[in-house]
Amino acid sequence: MNTQASDIIIESTGLVKHFGGGGLLSSPTIVRAVDGVSMAVKRGETFAIVGESGCGKSTLGRLLLRLIEPTAGDVRYEGRSILGLPPNEMRKLRREMQIIFQDPFGSLNPRMNVRDIVGEPIWLHGLAHGAEKQERVADLLRTVGLIPAHGERYPHEFSGGQRQRIGIARALAGEPKLIIGDEPVSALDVSIQAQIINLLEHLKDRFGLTLVIIAHDLAVIRHMSDRVAVMYLGEIVELSDTDDLFDDPLHPYTQALLTAIPVPSPVNRQPKPLLQGDVPSPAAPPSGCRFHTRCPHAKARCREEHPRLEAAADGRQVACHFWREIQNAGSGALTAPPASPALTKRLALYKTWRERHDKTATPGL
Amino acid sequence: MMNTSALPSMLDHTRRKSESDAAHPLLKVENLSVRFDGAPAGINVVDDVSFAVAKGRTLCIVGESGCGKSVTALALMGLLPTPPARIVGGRALFDGKDLLALPDRERADMRGNQTAMIFQEPMTSLNPVFTVGDQITEGILRHRKISKAAASERALEMLRRVRIPAPEKRMRAFPHELSGGMRQRVMIAMALANEPQLLIADEPTTALDVTIQAQIIALIHQLQKESGMAMILITHDLGVVAEVADEVVVMYAGRVVESGPVEDIFADPQHPYTIGLMGSVPSLGRRQGRLTTIPGTVPPAELMPRGCRFSPRCPFADQRCVSDPPPLIELSPGHRARCWYAPLELHREPIR
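Going line by line, the protein sequences match chains W and L.
The first sequence: position 8 = 16 (this note's numbering), numbered continuously.
The second sequence: position 230 = 236 (this note's numbering), numbered continuously.
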């Protein structure tokens, strides 16, 4: 699925975003939302950013698109820094880099009908006019599994899943190369979530997109992504190919995250070792390794010395002083129980009947 | 945190009689139907729902938005807003008494006492202008004839029991000063302060991060083991169901479509909705192609079919499914599915 390693579409170096602590009216405490993040996304891959509330994953997503300005560091898109670009050039670039938000209720203008919502980027970037523009809007709606007649309606007339489809159609309208999805499926019901995941994967293949998925659901990430960056309190603590990360998590935080996922099988229930306590505030991150207050392996060095993101085997990166020892402790790998024979059999039956059903009925993803 | 053996002694001794009979259900819901004013005739938001929970057991109600799981819980707690919602049929026998027929006064005496409920978003259930300690104490004083000092002592003990660090300090904290996980612990402390026999938990961990969710689930499980209460856990997360349920009820569009012991539901799912739902969840193992999906969405009440409510989205459905509501058929002891064609492999040929 990956193209050659050198083909980087977007990268960040030493990216920092601090909130507050500025002028007269802002809060005196500085929230270190993103604190020195360097990463590179390859063209054509699905790159996931995972972490819990307050880890800075959404802020990082917005920084990558320059929707907010960083405190320090650089973002390069296709080899050039986008931070110094004048507004008109930045606007041109925005066509290529789009975002889909978590909340399909808050991110669509309630006073615009769907045709205008989806057609706006086409008009804005002068991609088409008049009848040709309408034809493109109709095409886009079909592409995301809606019907062109939906164009006359307003956002409130749609369900959550349909609104997310509208948001995706709008993101596609400018013919982007890169789409960042900020929790694109987490507000949706399970069955609708599966539809949208499949739609995003289908569109990625069809249009050759690069996806950056920001999410907290590890099962969704394992399913969709090629590589994963795990964030904790504004920093990347581990970055790795998806299968390696799930089969052999190196950082103790990644191990704890995987252990915490409820396993969808009622056989062999066992109490599991759980992380204690809450995530500390990003306004006052702990000294040394930021995870040391919750880490079961923490030693004196972890309290004092901040671990750098260092290279491990297979192009992996991990920020932990003791990852070699911890890895050998053999904790955290996720063993997913296989589906039962009856479920496997009936799912196969379900799939064949669905395919037949799809051929005879209206298409939908 | 292991000082739990001392706890029950200070509480009342009047509710111990049903303890002897564990197989006898504590709560038995029979044919519960709830209707919203203005809905089309015959389309109930909760339709003919039956289930039972025994002491010390956990029943999980699983389903997606609009399946009626929360309405069912609110009806049992006597918290349904009427109008628009009205209970139009059924019984809910709790310790032999029909909860749905009780006068409001008796209902209020039971709520927070014999029965308690926790909600998804603790911030909307906690009063922002009172301290955590005051709110728990108030709940205890509402139902117990003890002194304020004793109630306050009991509240502190509850905070300790739900493993809140520095409980003396937290007694004086306001809800906004606590994290989401801590607030949910406070809610649990409040719900369990009067040692309810039945706890209804409506998506208690949905708003929480994974590591906090795991802590809360482990906590609820531990407290349930200690107290022997029955629990109804409402969730959309099949992983949570697999971890805590004894029995499972799968709901779709107001009806129970499948129910049974948790092992049967996962090892031998029968209803096409249950199967589609399991196929929709990404696996934690290596990727195996695209997800199986359930097409479309739940139809609005006006378009709800007379027959099987899942039929518009079901790949196996035919004309009979659309027009005739299927009964809940028992396929193995205690395992039922509401489908004309279960088990599917006997009635639906593989096709090429």
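Just so you know, these hints were derived from the structure itself, not from any lab.
Only a predicted model underlies this, so the values are computations on that prediction, with no experimental measurement involved.
Note that beta-carbon positions come from the ideal geometry of N, C-alpha and C, so glycine has one too.
Careful: at least some of the hints might be erroneous.
Facing chain L, a subset of chain W residues (Cβ under 10 Å, in silico) [as the list claims (entries may be wrong)]:
no., residue
1, Gly59
2, Asn117
3, Leu226
Derived DMTMM-like pairs: lysine to aspartate or glutamate, alpha-carbon spacing no greater than 20 Å straight-line [claimed, not checked]:
no., chain 1, residue 1, chain 2, residue 2
4, W, Lys280, L, Glu232
5, L, Lys175, W, Asp286
6, W, Lys359, L, Asp324
7, L, Lys61, L, Asp252
8, W, Lys100, W, Glu183
9, W, Lys185, W, Asp15
Hints and how they fare:
{"no.": "1", "hint": "Gly59", "in the structure": "holds (9 Å)"}
{"no.": "2", "hint": "Asn117", "in the structure": "violated (23 Å)"}
{"no.": "3", "hint": "Leu226", "in the structure": "holds (7 Å)"}
{"no.": "4", "hint": "W:Lys280 to L:Glu232", "in the structure": "holds (18 Å)"}
{"no.": "5", "hint": "L:Lys175 to W:Asp286", "in the structure": "holds (17 Å)"}
{"no.": "6", "hint": "W:Lys359 to L:Asp324", "in the structure": "holds (17 Å)"}
{"no.": "7", "hint": "L:Lys61 to L:Asp252", "in the structure": "holds (12 Å)"}
{"no.": "8", "hint": "W:Lys100 to W:Glu183", "in the structure": "holds (12 Å)"}
{"no.": "9", "hint": "W:Lys185 to W:Asp15", "in the structure": "holds (13 Å)"}
Of the hints listed earlier, the one the structure fails to meet is number 2.
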